[in-house]
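Participant: Residues per chain are reported as follows:
Protein chains: 2
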Amino acid sequence: METRNLRRRRQEYGLLEANQDVEPSKHKPPPSMPILPTIIFLMSMFIFIIVVLGYATTEKTAINDLISRRLMENIDVDNIKNYLRELTKEPHVAGTDENRRVAEAIARIWTENGLEGVHFNSYNVLLNYPVWEKPNTLKIHKGFETFYQTNGTEPMILPDEQGDPFAGIQWLAWSPPGQVTGDIVFCNEARDSDFQTLKELEINVTGKIALIRYGTGFRGDKVKRAQHEGATAVLLYSDPAEVAAEGIDEDKVYPHTAWMPHEGVQRGSIIHGMFGDPLTPVLPSKPGIYRSRDIEQAKRNGILPSIPALPISYTTAFEIMKRMNGPLAPKDWQGGLKLDYRLGHGLHNDAKVTLEVHSIYETKTINNVLGYIKGAEEPDRFVILGNHYDAWVYGSLDPNSGTAILTEIANSFTKTMKETSWRPARTIFFAAWDAEEYSLIGSTEFVEEYLQMLQQRAVTYINMDCIHDNKTLTLATTPSLHDVVIQAAKRIPNPSKEEQQQGRPTLYDTWYHYYPDEKYKHRPWMKIPSGNSDQAPFQNFAGIPVIDFAFKNNSPIDYPLYHSMYETPFLNEHLVDWDNFAIHLATGRLWIELARSFSESEILPINHLALAEAIIDDYIPPVQQAVNSIKPFDQSAEAAIVQLNDQVHHVQQMSLTFKETILEFTAKFSKAKNRFERRSINDRIMAVDRCFINPVGMLGAPQSRHVLFSVSDKDSYSSRVMAAVFDTDAKISARQISIVHYSILCATNAVKEFF
Amino acid sequence: METRNLRRRRQEYGLLEANQDVEPSKHKPPPSMPILPTIIFLMSMFIFIIVVLGYATTEKTAINDLISRRLMENIDVDNIKNYLRELTKEPHVAGTDENRRVAEAIARIWTENGLEGVHFNSYNVLLNYPVWEKPNTLKIHKGFETFYQTNGTEPMILPDEQGDPFAGIQWLAWSPPGQVTGDIVFCNEARDSDFQTLKELEINVTGKIALIRYGTGFRGDKVKRAQHEGATAVLLYSDPAEVAAEGIDEDKVYPHTAWMPHEGVQRGSIIHGMFGDPLTPVLPSKPGIYRSRDIEQAKRNGILPSIPALPISYTTAFEIMKRMNGPLAPKDWQGGLKLDYRLGHGLHNDAKVTLEVHSIYETKTINNVLGYIKGAEEPDRFVILGNHYDAWVYGSLDPNSGTAILTEIANSFTKTMKETSWRPARTIFFAAWDAEEYSLIGSTEFVEEYLQMLQQRAVTYINMDCIHDNKTLTLATTPSLHDVVIQAAKRIPNPSKEEQQQGRPTLYDTWYHYYPDEKYKHRPWMKIPSGNSDQAPFQNFAGIPVIDFAFKNNSPIDYPLYHSMYETPFLNEHLVDWDNFAIHLATGRLWIELARSFSESEILPINHLALAEAIIDDYIPPVQQAVNSIKPFDQSAEAAIVQLNDQVHHVQQMSLTFKETILEFTAKFSKAKNRFERRSINDRIMAVDRCFINPVGMLGAPQSRHVLFSVSDKDSYSSRVMAAVFDTDAKISARQISIVHYSILCATNAVKEFF
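Protein chains in written order, with UniProt numbering: chain A, 1 to 755; chain V, 1 to 755.
Since the hints were made in silico from the structure, they are not lab data.
Careful, some of the hints might be misleading.
Beta-carbon label-pair distances, calculated as ranges [said to hold, decoys possible]:
{"no.": "1", "chain 1": "A", "residue 1": "D646", "chain 2": "V", "residue 2": "K527", "range": "39 to 47 Å"}
{"no.": "2", "chain 1": "A", "residue 1": "D634", "chain 2": "V", "residue 2": "K527", "range": "51 to 59 Å"}
{"no.": "3", "chain 1": "V", "residue 1": "R101", "chain 2": "A", "residue 2": "N64", "range": "56 to 64 Å"}
{"no.": "4", "chain 1": "A", "residue 1": "P702", "chain 2": "V", "residue 2": "D634", "range": "27 to 35 Å"}
{"no.": "5", "chain 1": "V", "residue 1": "D192", "chain 2": "A", "residue 2": "K374", "range": "54 to 62 Å"}
{"no.": "6", "chain 1": "V", "residue 1": "H119", "chain 2": "A", "residue 2": "F676", "range": "26 to 34 Å"}
{"no.": "7", "chain 1": "A", "residue 1": "S306", "chain 2": "V", "residue 2": "N628", "range": "35 to 43 Å"}
Here the structure is a predicted model, which means the values were calculated and not measured.
For every residue, glycine included, the Cβ atom is placed at its ideal position computed from N, Cα and C.
With the hints as extra help, turn the sequences into a complete structure.
Facilitator: Below is the structure:
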């Protein structure tokens, strides 16, 4: 039975031909690349000697190639499996003893694996917890007559992996405590447009409990909007259309498939509009540092929610919805529950819903774990690889699939170094972030503390939060890194034999197959990194070029068991990556190849010509269109439009100058006579990206400092370019256009030789 | 007669023994150092060869020594004199054709002198002018009966040098046009304490014309305060106590001495609280860049004055004061006019004062002139030497004494390069700024445009606005540069023979003699650079360590003819620096030696241990004292004091850590194996100073970004350390203490090897 469902799931993901009948092979050796360790070792030693004697580029390329292959070979899937099991023994929410034990395990293994300077980087930050002994509950009742009641927990399904008594608690981080009784309004996904629809249908949310479908978008934005509409509490539920698309029969959900079981819920943070410790924006939460606000102020500022919120299962949602009064919800609001979705408010027989949320705010110590491999040539230039390790429960996909892979990458590096006497040219940093789940807190506090050192020394930050699913690579980065990531992805063998058989031999091929760029046909579509993981502060606060990648399905919805207690190693091994962790391996290989590229390239592989072209072709035209669409209502408005057109014209001119200057600059790369001159070139390459930081922050959001890529206040997961230019009441901000102009001017100057 | 007065003036400055009788020698050769050009040349060539072959440090020191001496020898005073005459032929206010001609002359001479890449760096900025054909006038009258009237000009005294028909116009830049009739109140120097005194004496300024003595402090602050008190107009006058201290008889003032003649006035800018173009704060005034305010908004923001203001001579002040009613002014408000100073208001016989100011605001192109000598080793590290060239009239002291010297320094560098085949290791930039007089506009727009390039590449900025007087060197810099400036000053022969005879053979000795540091006995007192000249944006906006130096008298009052039309070459040659420009020469030698030190030192001569010690010993204790002096008025105030004490404690701890870290870092300097490793060390040294920039600006002043050294809003000429910590209504700002803390944390991290 289990096997059949596994098969069905694999078919669903296109990893099995429908008529193929293969048993899952649990411990097959990894799909090995043709390897001849001894010969390669001798060859590489020989070539090293040549290089030491100063022989030139072709030898260097050959070595790079050998090192690349050796690094990929040296990743051991059994290690990844063992690390994963070690890191996911207990639920480990940030700030708990359990999570500290995970941090200690990471530090111990990293040290054993040969990383240098492994240490905790700690901050004291505000967190929020459920009261573990008192689960948060919901009941449907009329006075003392109860029609339905939850016990507030997900049931344990695999006792070996899910044995912790508090693992199942259903909760949302940052919810204030509170008991709310009231009528329900169904708000669909709680987008602005959803509330608009409710208004048009004359359904008032004020004073009601908002029932919201997870769907797409960040849950913190949903709660914020519901609160803004006057809701007294929020229920967030996972609709079967997203999490149990094959039906909710027992044999169609976990543990038989990777679909969500009946009582499963998605946990998560419902903070709004900021990263890091909510009480110390911009500054690191170190002892003696001023807290610029307290919890009540953070609530008043709309950063922490003021109304209780609870995640509920589709089973509970069904119990509520089947009793709901009111008009039918619009057609496109209907979901996967076998009933008519109604808007409310009110339940049959005047029943009410009461939710009871217990929670506490606590200041806790969080610990990022850091370690590095010191660069042989440029120890003060850093390539940073990062992943968070805190989890809502066991976290075997999110995030510890990533942590286990990162840890094994460290191992591969040091093993390769021992075997070859090679050492990376630049320093490679390994970072395991804490409290990402609450609002990227560990990475944000770190970036705030080390802002200047990062801006001076960090070449790139490469984030891999976790493996989400098994269909394809997805990757977000900025235009200037398109080339390097495409080159790297082309070097990684496809983890799916089926895909290989389809004529797609590399990771790149499947990626391109599922995500072709509609405008630029020659490459896969890559979005700009958004606020969804730890790359955000590096990009948006420090102006470091970042990469964020993952393995995923090809749907906008996250994997069904996301943030549930069922993310334990069984899921990775049997329901997501059953071909002996081929996907974990491929992901690690991409990560290590990217790290190697940034560490070893004599001239940094950051192509600002692509950025210049993106600005000219993709970023400025929408501004011009927006200006064109303004309707002048009087003379002063006309004057303003003339001025806006003049500004846009100058930005365009500036962008063309930027492109020209980059072309001239690039032509000089090959003329650099020695590493001293290459350093100077690389300094200038690094300086370009820093120019897109506006240090005062965009539109009063002091942490959103990236002029092009900062996250929109309205959608924390989006990656709309130049959000601040458009995000104003006046539609287009003249000031923001000048800030864009200034950034491009700065970037142009950055690569020039002299003033 | 002239001779006797010259003698008296020189005695006054201590440059002549009272019983000594020496005629001024107009064209004696410069006080030559013992020089044997041929031998030195051969020796230096020989040693160069040795160095090329890789021989070590002692040879390098010897070469540096020879180059240093050669550079100093190669400064030619006759060139300085010629340049000075060429640059001061016409009055050259910023934005005028005359000033453009000066810029063109500079660019031409710099190019002839061998500078590379000489070009204009231009901006379109708001300026303000008098109406040249309509002088600003003042009359004392009763109705149509006029008792006294000015013609609004300084009379020409030396026709050969002062022949321009509009040179004499008396005006203050940024005054709005306007005609005001009213009663006078004497406000002394218009300090806060002066207005406090007036209040205590029940003298109301509202609706009156404020008569203000220049005295000390920035005139823009004076006008701002008078306007704030409700004055309808401002008259700024120069008191004989400051500008004619030997009396106002004809033979005791210019041209017989350097004291101010009867109708002389001090011009100047009365902008308040900002640098640069008033309409584009923070951003460079380039085409297409958004103007964030207009003139009326700048007035409402208190940046541009809303009331007319006029500078008047002591003769005019006498005419007003002798008619004044009202109580006697306090004893310490009495000045050098031979009458009783009264407060007003009202004149005898109900006479009124009417002033009539004509002025226009115009957007003009200003042109900084830039050129450089490309560094041989590190062309992308810049030592910047700067001086402005725009003047209120002819500007032979302020600023073109400096421009002429800077131009000859360029000459000395290129001459030395030709003679020796030596070339500076780092790039030396020469900058002649425009529109400094209006509010440091040229340098500020430049720093705004090239902010990032400066922060990445500028090692230091060394400003010499002008020679003010002839008594001693004065120098403002930050603690980290104390060592290097002292070493340089010790190498420069004393330009005064009298001082040499007093046993003070070097520039340093006289400086130390007049300005011993009262706390640190072993060194001269050096104040922190303030807002008085073009170093301000480099320090306060970009965090570049700066030096600002000058030759001066040893009084807090500026030289008598400051900003008058009598600043023409005669003044330099006959009344200030009559010993064949010995002072111009010595000043140039110091400048060139400082430039050489920063260009040639393998490890940058920036000593952050001195900064750490200043923070610990001098900057933090006043904060602790201020906290100690707060009286708790209730429980929440007590809690706030506990928190402040905790913060101060942590800042102290952080400062000690900073010091320790700097000590460890410094110990590594000698271990650097090659220039690549030294570059990495120097990068970290440079990073330290950038840490003291708070990019959001202090207390709502977006241009005042230096955490330690930003200028106080209340006194633009002051250099109070950490003004923002104290400048708050709450007396001590908890947030600002944390910003100081963060800067020291950043500086500590800046020199560390890894996170």
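Participant: If a hint holds in the structure, say so; if it doesn't, say that too.
Facilitator: Hint check:
1. For the pair D646 of chain A and K527 of chain V, the supplied restraint of 39 to 47 Å holds, since their beta-carbon distance comes to about 45 Å.
2. Checking the proposed 51 to 59 Å range against D634 of chain A and K527 of chain V shows it holds: the Cβ atoms sit about 54 Å from each other.
3. Between R101 of chain V and N64 of chain A the beta carbon distance is about 59 Å. The supplied range of 56 to 64 Å therefore holds.
4. Here the CB-CB span from P702 of chain A to D634 of chain V is close to 32 Å, well matched to the stated 27 to 35 Å.
5. Range check, D192 of chain V to K374 of chain A: about 56 Å between beta-carbon atoms, so the 54 to 62 Å window is met.
6. Hint check: H119 of chain V to F676 of chain A, Cβ distance near 27 Å, so the stated range 26 to 34 Å holds.
7. At roughly 40 Å, the beta-carbon separation of S306 of chain A and N628 of chain V lies within the given 35 to 43 Å, and the hint holds.
The structure fails none of the hints (numbered hints given earlier).
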